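> Sequences and hints are given; from them, build the entire structure.
Order-wise, the sequence lines are chains A and B. Here the first sequence stands for residues 1384 to 1499, numbered as in our numbering. Here the second sequence stands for residues 6 to 114, numbered as in our numbering.
It is worth saying that the hints were derived from the structure and are not from the lab. Treat the numbers as computed from the prediction; the structure is a model and nothing was measured. Think of the CB as a built atom: it goes at the ideal place given N, C-alpha and C, for glycine as much as any other residue. Some clues are possibly wrong.
To be verified - Straight-line Cα separation of at most 25 Å, DSS-like style, residue types lysine-lysine; simulated pairs:
#1 Lys10/B / Lys1440/A
#2 Lys65/B / Lys1386/A
#3 Lys1386/A / Lys59/B
#4 Lys1442/A / Lys10/B
Unchecked claim - Covered stretches of chain A, as calculated for chain B (at least 3 residues, CB under 8 Å):
#5 1427-1435
#6 1487-1493
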Amino acid sequence: GPKVLQIPSHQIIDMGQMVTLNCDPVSNHLYFYWYKQILGQQMEFLVNFYNGKVMEKSKLFKDQFSVERPDGSYFTLKIQPTALEDSAVYFCASSLALDNSQNTLYFGAGTRLSVL
Amino acid sequence: GDQVKQSPSALSLQEGTNSALRCNFSIATTTVQWFLQNPRGSLMNLFYLVPGTKENGRLKSTFNSKESYSTLHIRDAQLEDSGTYFCAAEAGSGTYQRFGTGTKLQVVP
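Have a look at this one:
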């Protein structure tokens, strides 16, 4: 099936530093998402993105977070500065459209972020 | 509170038996997606549903929008079915899917 790639699979970083998580969405998809999962808990929506803009974001999407997708490159989640509570697995997802027939989400394998 | 609640939260099944997982919505839901998260953390797509029923092998899922629930039936459970099952609901007014609380399934010999 369609593949979403996430790089790196694991990132260890000191508190206060900047981190960028990279996502290569399914090639013809137009809508991109980040979700956060703390170990053993449910997946929490962070943000979605379409046509170069944030469409919707949750209260978990703090001011220190930003997303972008420069043309032809990765869809990225940047955290600057990082905090201890940012430690989690971050999942990227993409979908073709928003209407009922084409908004199936496809997820990457996640990036485990450890903030020390 | 949780807008998408799953039950049971955990379940142990004997290999070869059947079971049903449930997802209840407190938001008006237009579509539902079911996922299996394996022990390594990867999410596998199982079903994408508008109101109605779909079947794939030993799995069958129903989404009843009027009564605000969805079910996932597992027939003849196998060891490789073990993992955490999540449903995710899209509300009519929203642009993203809200995940449920998950059902952790363990299939034992």
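> Just to make sure I understand the rule, a stretch counts as covered if three or more of its residues have a C-beta closer than 8 Å to a C-beta of the chain. Does the segment 1487-1493 of chain A meet that for chain B?
The restraint on the segment 1487-1493 of chain A holds, since 6 of its residues have a Cβ under 8 Å from chain B and three suffice.
> Does Lys65/B pair with Lys1386/A here, judged by a C-alpha cut-off of 25 Å?
24 Å, holds
> For a C-alpha distance cap of 25 Å, please report whether Lys10/B and Lys1440/A respect it.
21 Å, holds
> Assess, step by step, whether the Cα of Lys1386/A is no farther than 25 Å from the Cα of Lys59/B, and give holds or violated.
23 Å, holds
> Taking beta carbons only, do three or more residues of the segment 1427-1435 of chain A come closer than 8 Å to chain B?
Contact hint for the segment 1427-1435 of chain A vs chain B: holds, 3 residues under 8 Å.
> Could you grab the alpha-carbon distance between Lys1442/A and Lys10/B and see if it respects the 25 Å cut-off?
Roughly 20 Å between the alpha carbons, so the hint for Lys1442/A and Lys10/B holds.
The structure meets every hint from the earlier list without exception.
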